[in-house]
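Visitor: Read off the chains here:
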Amino acid sequence: MLKVGIVGCGKIADAHVSQIQRIKSCKICGVCDQEPLMAGQLFERAVVERCFDDVREMLRQAKPDVIHITTPPQSHFEIGKICLESGCHIYVEKPFTVNEDDARALISMATERGLKITVGHDEQFCHAARRMRELVRTGYLGDRAVHMESYYCYELDSSGYTGALLGDKNHWVRALPGRWLHNIISHGIARIAEFMKDDFPSVTAHGYVSPLLRSMGEKEIVDELRVIISEGQCTSAYFTFSSQMRPAIRQFRIYGSANGMILDQDQETLIMLRGEKYKSYLEKFVPPVLIAKQYIHNLCLNVRSFGANDFHMKSGMKYLTESFYKSIKDEAAVPIPYREIILTAKIMDDIFQQLNTPRSDGRVSPTQFAESKMRV
Amino acid sequence: MAILKGNLQSFADCLDATANVTLIYHLAAGAGEKSFPDAFMNSVVTTRNLLEATLVSGCLKRFVNVSSFAVYTNQRKLHWRQLDEESPMESHPEQRGDAYCFAKVKQDAMVLEYSRQRGVPYVIVRPGYVIGPGKTKISGRVGIDSFGVFLHLGGQNRIPFVYVDNCADAVVLAGMMPGVNGEVFNIVDDDLPTSRQFLRLYKKKVRRFHSFYIPHIISYFLCYLWESYSRWSEGQLPPVFNRKEWHSAWKKTSYSNEKIKMRLGWRPRVPMEEALDRYFKGCCQRRESA
Numbered sequence: 117m118l119k120v121g122i123v124g125c126g127k128i129a130d131a132h133v134s135q136i137q138r139i140k141s142c143k144i145c146g147v148c149d150q151e152p153l154m155a156g157q158l159f160e161r162a163v164v165e166r167c168f169d170d171v172r173e174m175l176r177q178a179k180p181d182v183i184h185i186t187t188p189p190q191s192h193f194e195i196g197k198i199c200l201e202s203g204c205h206i207y208v209e210k211p212f213t214v215n216e217d218d219a220r221a222l223i224s225m226a227t228e229r230g231l232k233i234t235v236g237h238d239e240q241f242c243h244a245a246r247r248m249r250e251l252v253r254t255g256y257l258g259d260r261a262v263h264m265e266s267y268y269c270y271e272l273d274s275s276g277y278t279g280a281l282l283g284d285k286n287h288w289v290r291a292l293p294g295r296w297l298h299n300i301i302s303h304g305i306a307r308i309a310e311f312m313k314d315d316f317p318s319v320t321a322h323g324y325v326s327p328l329l330r331s332m333g334e335k336e337i338v339d340e341l342r343v344i345i346s347e348g349q350c351t352s353a354y355f356t357f358s359s360q361m362r363p364a365i366r367q368f369r370i371y372g373s374a375n376g377m378i379l380d381q382d383q384e385t386l387i388m389l390r391g392e393k394y395k396s397y398l399e400k401f402v403p404p405v406l407i408a409k410q411y412i413h414n415l416c417l418n419v420r421s422f423g424a425n426d427f428h429m430k431s432g433m434k435y436l437t438e439s440f441y442k443s444i445k446d447e448a449a450v451p452i453p454y455r456e457i458i459l460t461a462k463i464m465d466d467i468f469q470q471l472n473t474p475r476s477d478g479r480v481s482p483t484q485f486a487e488s489k490m491r492v
Numbered sequence: 013m014a015i016l017k018g019n020l021q022s023f024a025d026c027l028d029a030t031a032n033v034t035l036i037y038h039l040a041a042g043a044g045e046k047s048f049p050d051a052f053m054n055s056v057v058t059t060r061n062l063l064e065a066t067l068v069s070g071c072l073k074r075f076v077n078v079s080s081f082a083v084y085t086n087q088r089k090l091h092w093r094q095l096d097e098e099s100p101m102e103s104h105p106e107q108r109g110d111a112y113c114f115a116k117v118k119q120d121a122m123v124l125e126y127s128r129q130r131g132v133p134y135v136i137v138r139p140g141y142v143i144g145p146g147k148t149k150i151s152g153r154v155g156i157d158s159f160g161v162f163l164h165l166g167g168q169n170r171i172p173f174v175y176v177d178n179c180a181d182a183v184v185l186a187g188m189m190p191g192v193n194g195e196v197f198n199i200v201d202d203d204l205p206t207s208r209q210f211l212r213l214y215k216k217k218v219r220r221f222h223s224f225y226i227p228h229i230i231s232y233f234l235c236y237l238w239e240s241y242s243r244w245s246e247g248q249l250p251p252v253f254n255r256k257e258w259h260s261a262w263k264k265t266s267y268s269n270e271k272i273k274m275r276l277g278w279r280p281r282v283p284m285e286e287a288l289d290r291y292f293k294g295c296c297q298r299r300e301s302a
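Chains as they are written, first to last, in the numbering used here: chain F, 117 to 492; chain S, 13 to 302.
One chain only, chain F, in its complex shape (with noise of 0.2 Å):
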């Protein structure tokens, strides 16, 4: 059985907990946070074994085999060191790292000692992004996706987390390069990453601050941004996060030499999309039809995952944890492969590096932009 440990009680701490506690074979062994009440509060309501308030503490009591990084991005790297410096496998939460050679670093330790890394790319292993990756796998695309769109949008409001956010000027979130941005949008840059295939993909970001957020007096949060993301002469993808579009999507497209899918995170569906078209008016009354049944194909997958009692919110959580552990005891692959978590480390450092730019041909950076409009 597997002592798992949880580093980091915040909000998604109780997501791990709950997805963890749902799996048979292990069991969460401490639960830290440098915040004693923090620590409490969860031991207090999961059922774990006992909780601490500094990470070396309870690596040396508590001796887990896996520990759940779930602390703010900034202290990922130092926290994963100590983890895998006294042999812990490490599942850190998303982003990764705050740039790709913290990410290259962490990799190449764990590499190093024979231990095991994942991130908390979570969405990618939802029923219908695990049936979207079978389908690529048995070459639904053709020989190679030609083109992606990633949405990742989120809807601004003024209460919770965002609330937070824009009410203190020293969140955590706003030291991190890519602010806001950086702790968001990985999960949108994954699902390109994951079918790029070379490593140095040339980026074009354009970013600004809606003026929603500026008519609130906000000037460095970026709240839209659509990226351009392209590898020699063969695959492409757009990236576009927004908070003010509706609805607020979470989608990805993928476009192969053959079909297309796609997936919508939020309505759980994935809809093929048969590359070869139909003759004259069949084209406008077969398609309709056929993606109408997909659709209704997706709605009994679902309700029978709900009925199976395996639709949870975070579903996607306990099948890329149960994977991991699988790949721990099994010495096997692990379920995100390190290039990809470069990868994606990589794409999002070119994207704050321009957002964060002035630019060089007289145009105004996003910050620089807002700056201008709260003068005006």
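Simulated from the structure, these hints should not be mistaken for lab results.
Fair warning: this is a prediction, and the values are worked out from it, not measured in the lab.
Ideal Cβ placement from N, Cα and C applies to all residues, glycine included.
This list has only true hints and no planted wrong ones.
Pulled a few chain F residues facing chain S out of the computed Cβ check, cut under 8 Å:
| id | residue |
| --- | --- |
| 1 | G126 |
| 2 | K127 |
| 3 | A129 |
| 4 | R138 |
| 5 | L153 |
| 6 | R161 |
| 7 | D284 |
| 8 | N425 |
| 9 | H428 |
Given chain F's structure and the hints, the job is docking chain S onto it.
Guide: Same frame as chain F, now just chain S:
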């Protein structure tokens, strides 16, 4: 008057805010929406920081902690249907499925612990459901609209409203009145409307919508079913409806404000009829400006 802007999660800010202060009204709280850690962090950790800071300052005469009716279990009460200051608090708030309840119970416990161990003088006030201009939400004690139709669950229950001005008067008095350290006061207005009366008035004065009444015995059974399914399914449906919550929100209960009237001399300055009127007008204005 000096206004300090800070974050109660920062001990340094708490030190600044409490330096040479003899009376603290602690009204900050984190609702946390559905997140237990968020609510806990913004209610309990912040309260601990503030209490620790008062010890450094060393000149505190009273810490007025603003709590909530949410901390009461509303089961096994001394006076059967009546909820008052002697009613027991929720002993297992983590089972209520309500982050706010969990945080407020722990916040009160924190204040009591600092009083017991470090001698911090305190008064706890527990307002009912505060209404006033600016608040548009219908209390969950009346019903819920989570399922596309408004489910009226309150029926003939009295809703423990307190108008914001009346509540503020009571909180101020709790800080000023001598000889009440260590006491708890519930704040609830007189002439409370029943849930049905409130809903009728709301529909008449704010907006019309369809509501569906669920009798208490049915709502209790549905809460039981939801709770059981949530447990069996390992949280596929979150345990937001459960029997503890039913007891707290929808069980037929009367409310007493005798203690606060007697000990603090508090009287609701704005009568209920006018309070509701102002609340409804505020709701209409918000709807028009939306």
